[in-house]
Every structure is written in structure tokens, then in C-alpha cells.
Amino acid sequence: MYDGSYIPIFPEGASTFAGHVDLLYAYLIVVSVVFTIPIVMAIFAFSVMYREKEKFATPEEIHGSMVLETVWSFIPFVVSMTIFIGGALVYFEQYTPPEDGMEVYVVGKQWMWKIQHPTGQREINELHVPVNTNVKLTMTTEDVLHSFYVPAFRTKADVVPGRYTYLWFNATTPGKYHLFCAEYCGLNHSGMIGWVYVMSQEEYAAWLSGNTSGQTPVEMGKDLFETKLGCASCHAGGPAQRGAKLEGIFNTDVKLVGGATVKADENYIRNSILNPASQVVEGFQPIMPTFKGQVTEEQLNALVAYIKSLSPSAAASTGSSTAASNMAADKPAANTAANSAAKTPAANTSANKQPAKATKQ
Amino acid sequence: METAAAIHTGSNSSPKLNYLTNGSTLRSWLLTKDHKRIAIMYLITVSVFFLMGGLYAATIRLELLTPASDLLQTATYNKVFTQHGILMIFFFLIPSIPAILGNFLLPLMIGAKDLALPRINLLSLYIYWIAGILALIGLMEGGVDTGWTFYAPYSTTFSNSYVMLVGLGIFINGFSSILTGLNFIVTIHTMRAPGMTWFRLPLFVWAHYAVSLVMVLGTPVVAITILLMAVERVAHVGIFDPAIGGDPILYQHLFWFYSHPAVYIMVLPGMGVVSELIANFSRKRIFGYEFVAFSSIAIAVFGFLVWGHHMFVSGQSVYAGLVFSFLTMVVAVPSAIKMFNWTATLYKGSISFDTPMLYGLAFMGLFLIGGLTGLFLGAIGLTVHLTDTYFVVAHFHYVMVGGQVIAYLGGIHYWWPKITGKMYSEFWSKVSAMLVFVGFNLTFFPQFILGYLGMPRRYAAYPEELQVLNIFSTAGASVLGVGLVMPVGYLIHSLFFGKEAGDNPWLLPGLEWRTSSPPPTENFEVMPVVTWEAYDFGEESGLDIEGARQGETRPATVV
Amino acid sequence: MSTHTHDHSHHRGLQHQFDNMGQQEESVSIGMWLFLAQEIMFFGGMFTAYLVYRSRFPMAFAAGSNHLDVVMGFVNTLVLIVSSLTMALTVYYAQKSNRTMQVVMIVLTMIFGATFLGVKAVEYTDKYNHGLVPVSGLNKRIPADEHAAPGGHDAKPEPGSPAVAEEHSNPRGEFQWHEYEIIEHTIAKQKADPNGHYLTAAEKVGYMSDPATLTLDKDKFRDKVRIFYFIYFMMTGLHALHMIIGLGLMLWLGWKAFKGTFNADYYMPVEMSGLYWHFVDIVWIFLFPLLYLLGRHFLHELGK
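Protein chains in written order, with this note's numbering: chain Z, 1 to 361; chain B, 1001 to 1559; chain S, 2001 to 2304.
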């Protein structure tokens, strides 16, 4: 955070074209100085040299000079054309997204930025991206005009209701950069700000899987269950309980609507998350939404681990990842079991001890 | 018709009736057809709006002293910057020079008794008053918070403020502008004195001709835009609402089609004033007179073609962006031509540094920076980063305040002796000019830096690392504020205690200086016949230079 | 524009700021032309909106246009053209110092102008009755349990008329649109010939619930037709407002003509009023084809 030790004069550049924008800026400053200094010097010099020596003097009549007029029409025109061309070149770079690239979806709304990664990760007012990767934003807004602006990347684009607008960048330096809304949008326009986090590839992968804090799978699963995915809102007991109580469910037999009975093993849990309508427990309504596309393999493993940890016999089972995971899970199975065992009493205290009743809508 | 006799600089000692003393009832003012009285009434109203807009500006800068939104609630801040913009743009900048100085001086400069259509002129004033009252009522009822640009869909669907009332005020104000422009064009065509050919006209007149074209042709478009916005707001027909097939970008195109030429409405008359200041205080014809004259027309024409440069990141197509960027570069060239011509005018002149000249020189420097930073914003790759940041705010304040307001003040000071017959204190006017110049630069130069750093505009709160620059800016604003308020003091003081100015205190050739100060109602006792070129400071134009040197003295210049 | 060669410096119509009538007349003339130029810019904004939306949604515009009464629009066009004739004759008779005929012509002009407004009133009322006013609540409310038995209407609907709409209830006075034959026909053609240009890019998305299969979403189509009607009302409404102002101008002019103010030496106000009247006429000449004559060929295609 800002510690007050310096006054910023020039922003850092952190994208592939930031340097080009800065170069154009420098060129324009040079042009401005080259025009300003002679004119200002001339004004001063003439003011001194030709200050009035005698009241009501009649200086020599000078009507003009075609040569001078031509010169100082032509040169500014040429210079302005070079500026146009420079601007156009940089603009093409900024507004021509590359063919490949990580697609991110952005929705602006009063007064927040909602961001969604292709893997399902959602963020609010924050955008995590890997370094040196083309990132393409497809953006729109739910209400009024906003504008997605990252000064460090030197790019911005308005978001318009009813259509998509686009932005792209390739971040060159890891770090944390301001994100602003740059189109007045009402009350909290100046609060519609956030951060873009540029991370190394590994850190990004870790972040994407949710494992940014070195959590164990059970810890991560609990975090997902209780907070990030909102499972607890239906499954954690209390008056809103609409889903089956999950404590002690693992590896027991479950009766489904339609008469079948299945074992609540890892596959069952995984399927309940991805395709809940296919196996509704008897006595419950088929109202659970699917989380397909919204959870990564890593997160699925974590959820399975957590739900297993809610059963006392979990320690004995040899639960392991039910599907090959692209993101290598660091924790060995034994560790998981040990953690689960240790966590079980704690997990149970937070669960509803009353038997789950069938609840009607 | 007889030639105007050689004019001394002597004061008008016999107490003849002038336009100020010719009828002193309220009725004689409110129902006047005299362009000079109408100009005075505009002066008073415009000054009131300027001071109100200035109070809003002070509030903005006070809030921005700290990074958090702590002085005002954000909702209030949003109204403050919106209303600052609306009052300054529609009720101060657009009328100021044309309605005050243009109205007063145009007939005098061309040797006419009045404008061509005096009753239309009075109607313009009434419309301005009605519009202003409606806007003020809207402000007092609770104000608007949409930004002066009223972008859809915020203004049409989401804002809960008094958009309709204030929008109505702006809509009606447009007609005042249109009628003024119409009047000027007709007057310049048909009311010139014998011998006053187009190329003998002062450049002030050329500038007003150009600006009148823009006022007449551009303002109706903003009128229809506001009408559409109002209908959309009331009836939700969907013209700007994508949910029912409309397009919010259409609003921006229609709005900026007027609002870009509007900035030329604001600055062209200022350039006209500056031409007068530079020429008259160097006692030299403007270098390249025809080029300066035609560049005004060129700016007016090209100004209609560049509106899309306000929309580079709006979602308009890449190709449209390129076209508008190209044309924006083209429209910069006539302004550059003027700048060079003004500078060349100083060469081998006889330059005196009275207050009006100080303002003229200040305009040159500040408009140079303002105009050059316009090139920054026209370079489309750069503007993607800079648009909607404080860089834009700094740019337009350089051209609007550093340009137009400085020119306006220069004009008021220059023609004050002619308008009132009195001279103000040269000492205090110079102090005020210095304060304005220094304060202005300190206020707005840091904003260029803030803009490149990425501080967006219309923000009540900002990242704390930007605070120091904002403090500089507010400090400058306080100096600027003092400098801008001071003229109210010493100018009013001069009305009661100022020296008699005399008909032609600086012995200048313009027709406005060849009648008494203040002029009689019919402008000239003997209608002039012009046989000399514009800015002819020699004796061929009828100036009695020797007599002036031997006899009268000019008001003392104290530096 | 006529010219004057003799000096009228003491003409009773001369205003104080002018030296002679020639200067006054030239000033007034330039002033009026400038005023008309800015009126063109004013209408121009609406023409721009028309241009944008018609180029995006031509089928919706055609459909909307088909429900305007061409006959009434054509009658109005004729009425205005004849009124311009009578207006020109007014100027002629003023130049001829013929007081009687001046007044006659002005009265005739006013009658035609009023006829125009009357026809417009009939048209607007018709739109009100059929739920074609694009503002919710400004259409005739038909309570839900009442089906309008067309007691006073034709049993057989006119080609292209929204007779079907009468059968629909409209309890809140909303915009009603129930005619989808033409657009469905066009969508079918587009589906049959995917490379053909029967629909614009905007239409392929804007009318459809599923752009991939070109499935018509009736509500979305109705919304675009609503935009057509908004532009129709806005443009003809602004035009009608200018016509009303024109009638007021004629009233004033008629009074002055009756008093004998205008003659061969002084008829500028008549000429200027004539300019205004012709301008209002010309705007209608543009409005009529752009609003009324779109998409008529579809009706023939469908054999109506």
C-alpha cells in the first residue's frame, strides 16, 4: 500500500503495449516543447525588443508573408499527421486482440465489476491473471455505461448495455495494479474500483484452484462448502435446510427417489455436485443446482474430502482422488485421512445434530 | 454621409446623453431595443452564473483535498460537478463573449446604429433569463447528478434527479444562442457602413461571424437530443434503451455532434478578442489578416466533423475512430496558424503592457498548452489511456479558462472604458491578472500529471498516493479564485470613482473608438464612412497622433 | 427574390436601425433563411435517428409503415402542396397590391392547413384506438373481459390494417402489435436461403429468441416496431407543431393583409411567411415517403 514516501509523477507500465503508449506520450511532449519554446521565447523577445518607446507610435506596416504562412501551415500539418499515424499504430495494438488468449468475462454493474474466468472462478472487483499471457476481456454491463480502466496497462474500454465490448492485454510484470471505472455511472462511481493481480504462472494456477493459502483439501473443501460455493445455505441445517444432511453420510447406503439404493462413496458425492438431478435422495425435492463448470477438479476433490471428513469412519476409508487431476495435489492420501480424523469432531460441532427432515418447498 | 472627423483622445466633457443615461426607468431597460443595454444586462446575468459556477468549483477542489469522500456525500458531490459544468458551459461560456462583447461591439465596429434585428436580440435575452431561472429552480429543488453530458441510459432511466427541469432550461437556452447567432450573421451581411468591406472588418467581427454559423447550425441538434432524452425519460419508448432495441451510443453521437462545435462556440470569440488585443496593443495590423480571418471559418466548419473524438473508447468502430482522429489533427492546424500570426504581429510592433495586453499574451501561452494537449487527446492510441481522466479535465480547462475566460477578462478590461466611460485601477487589474495566471497554472498543470497517472474524472474519492498533486491543485484554485473575484471589486469601484476614460484612451483606429465613451444610443453622431484598412494606426485612418501626444495623457500605467 | 430600386427611407414600415427598405428586406430575408437552416438541423437529428434504426431494423419499419394509412397520408401531401400554391399566390397578389385576393388566398391556405391537421387528428385517433401509440397508457384501454365486436367497423379487414388488434384486450393501454406474417415470411426466406440478404445482421439477433435458429421472439419484434412508431409520432408531431405555428402566423398575416398593410412596395412579411410555409411543406414531402411508403411490396408478395 502507499506509504507516503514518494509523490508519484509517472505511472508504472505493466503491459506489452504500455511502453508504446509511453513512447507516443514522450513524442507528443517533445513536439509540444519544440513548438512551445520558440513561440514563448519569441513572445518574450518581441515583447522586450519592441516595447513601446514612444506613445501612439505607428510601426512599420507588415501585412503578412505567403511563404511564412505556407511554412507554418505545412509543418504543423505534417507533424500532426505523424502524431495521427503514431496514435493509429498504438491504437491498432490496443484494440486488436490476438487470436489466442485467455478469455475472461466482465460484467459491470452499479457499482462493482463482476469477473468470471473460463474455469468458473468468479471475482468481484478483482482480476487475477497470469503474467506474460494474452488475456482477452469480453465485457458488458447490466445497467448503465461504465468503463474498464487499468492505467498500468494503458488501456480502457467502455462497457455498453445490450452489447459486448472487448479489451485485451498481456501483462509483463507481476504486481498489483489499480482498476478503475472510468465512465460516470452514478452514486458510487468513485467506489467502483479494484485491483488487477498479475501473478506468475504457478501462483496463478494455485490461485485458480483456490489453494492460495496452502490449505489442505479438507480445509479448502470446508471453505468452499461454507463460503465460496454456498453449499451450507441448504445443507448446514437450520430453518433453511433443504438438502440432505451430510454428516455421517459417507459410505452409507442412501435411498433415492424412484426406489434405488446407492452407496454414498466418492463417486456419489462427485455426481451429486455435478449432476444432482440424477440422484435425488428420497424425501427431498430436486432443487439443487448443478455446479458443473463452476468447480475445478481440485475443488471437487476438496469437497469430497471435506464431506468424507464429516463421517467418523472417514479415517478408515482409502479415499483418493476420484478423477485424475491436472493440478497436482500435494497432500498424500494419508495426510488427508489424518487431517480428516483430526477435523471430524470439529466438523461435527458445526453441523446440525438433528435428523434431517424432509422439507417441502 | 461625411467622413468621421479626426478624433482626439480627449475626454467627452460635455454631458451629452449616452446609452446609459438615455432613459433611466426600469422599463426603459427591460424593454430596450438598444444592443448596448442588452449587452449590459447580459453582463450582469452572466457574471452571476459565473460566480455560482465558481462556487461549485471551489467546493469540488475542497472535497478533493482529501482522498476520501469526506467533505460531501458522494451523491452531493456528483451534483456539484454536474452543476459546475452545466452552469459554466451553458450559462457562462457559451453566451459570455458573444452576448456581451459581441452584442455591444458588433454594430459599433461595423459602423451601424444597432444590430439588424434588435427585437430578436431582446428576445434572446428574455429566453436566456427564462432558461436560467428554470435551471436554477431545478438546482434548488435538488439538482442533477448526471454529469453535464447527460449520458443515456443513466440520465434516461437511472438518475433520480431533476433532469427534466434542468434539461428544459438548457433546451430553452439553446434558442437564445441560435437567435444571437442569427442576428450576428444578418448584421454582418447587411449593416456594414459604407466602405467597410469584408476585408476591412476587425478580426473580432470575423470571429463572431464564424461562431454564429456554429451557433445557428449546431445548437438545434442538442435541442433535439435533449428532447429525445426527455421523452425517453418520461415515456420509456426505448430509443436509447437496448433492452427494447435502442442504442445508447446514438445518444452520444447526437450529443457530441453539437457539443464539440460548442467548444468552438466558446473559444472562437475569445480568439477574436485576442486578435484585437494583440493588434491594438502592438499598434500593428495582425500579421496574415486574411489567414486569421479564414482560419476562424475553417475552425467553425471542421469543428462539425470531429465529434467522434469524444467517443474513442465508447464502443464505436475502429475505423470511425481513425477518421475522427485524422480530422481532429486537421482541425488543429488553423489554430496553430493563428498562434503563429499573433506572434508575428508582435514583431516590430510598439507594444504596451496594459492589462488587456497581459491577458492577450496570457491567452497565447495558455491556449498553446491547451491546444497542444488537445493533440495528445486526438492521438487515438494515447487517448485510450487518457480519456475520462484528469488529463482531459486539465486540457479543457486550459482551453476554456486559460483560453476563453482569459480572453473574456481581457476583452472586458479592454472595452471597459468604451462601455462605461471610466478607467479602472491599472495596478489592481495587473495584480488580479497575475493572480489569475499563476493560480490557473498551479490549479490545472498538476492535473495533467494526475491524468496520466490514471486518476479518473468525476471521482469524489481517489487513491491516496494522488493526494499531494490534488493539494497543489486546490492551492492553485484558491489563488485563482481570488484573482477572478477581484475584478468585481475594482471594476465596480471604477464606475463610481474611476477616472474619465475619454473617447479613445489608447488612440486606436477601430470604429468603436471613434465615438464617445460611453457611446450615444444611436452609436455615432455622424455615421462613418470607411476609407482605411483594418488596423491602420497611421494618420490615413484619421487618427490625430500629434494632437494626442501634445495634448491629452493616457491613463497612467502603473507597473 | 424581388429587388427594389427606389428609396424607401421614410416608408412607414422601415425600422429605426435600417437606412432604407432594401437593407431591411435583405436583413429579414437572410434572417429567415438562417432560421430555416437551423430548423433543418433540428429535424435532422430525428432524421438521423430514423436512418440509424431503419438501416438496422428494416423489416420492423416496413411492418410498422404498412399500418399507416397511405390514403390519408397522400391526401395530406396533396393538401399541403395545394396550400403551398395558395401561399405562393398570396405573395403574388401582395405584389400586385390586390388586397381581396391576398386575404382569400391566406384563408384558403389556412383551410388547407387546418385540413392537414384534421386528417392528422383522425390518424392519431386511429392509432390510439388500435394500440399503436408507443407509450404505455396512451392507448385506448380495452378491459380484459371485453372483446371488441367490430360493430361499427368493417367486417372485412383492409389489407394491412391491424383489424386483428381489435380482438385483443388492452387493459393498461399498452402498445399492441400482433401482425407477424411478413416477418415470418421473410425469416422463412432467410432460412431457405442462408446466403441471401433478407435480414440485416442486427435483425438476425434483434428479433430472435435464438439467433442460431432464427426463432422469432414476438416481443422483441414488437419492440422494434414500437421504435418505428415512436419516430413516426415524434417526427409528424414536431411537424404538426410547426404547422400549428404556421397557422398562427397565417392568422396574423391575414389580419394585416385585411388591413391593407401589404402592397407592391411592402410585402416582405408575406414573402417571409411564405418561406416558412414552404419549409413546413417540404419537411412533409420528406416525411411522407420515409414513413408511409416503406415495405409496400411485401403486401403484394403476400397477395394482400
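These are computed hints drawn from the structure, not numbers from a lab.
Wrong hints could be hidden among the right ones.
Said to hold, decoys possible - Computed cross-link-like contacts, DSS-like style, restricted to lysine-lysine with a CA-CA straight-line distance of at most 27 Å:
| hint | chain 1 | residue 1 | chain 2 | residue 2 |
| --- | --- | --- | --- | --- |
| 1 | B | K1033 | B | K1016 |
| 2 | B | K1499 | Z | K53 |
| 3 | Z | K55 | B | K1033 |
| 4 | Z | K109 | S | K2120 |
| 5 | B | K1499 | B | K1430 |
Just so you know, these numbers come straight off a predicted model, no measurement behind them.
Hint check:
With a C-alpha separation of about 20 Å, the suggested pairing of B/K1033 with B/K1016 holds against the 27 Å cut-off. Taking the CA atoms of B/K1499 and Z/K53, the gap is near 25 Å; set against the 27 Å cutoff, the hint holds. The suggested pairing of Z/K55 with B/K1033 is violated, with an alpha-carbon distance near 38 Å, which exceeds 27 Å. Our distance criterion of 27 Å between C-alpha atoms is broken by Z/K109 and S/K2120, whose separation comes to about 44 Å.
Taking the CA atoms of B/K1499 and B/K1430, the gap is near 17 Å; set against the 27 Å cutoff, the hint holds.
Taken one by one, the earlier hints fail for this structure at numbers 3 and 4, listed in ascending order.
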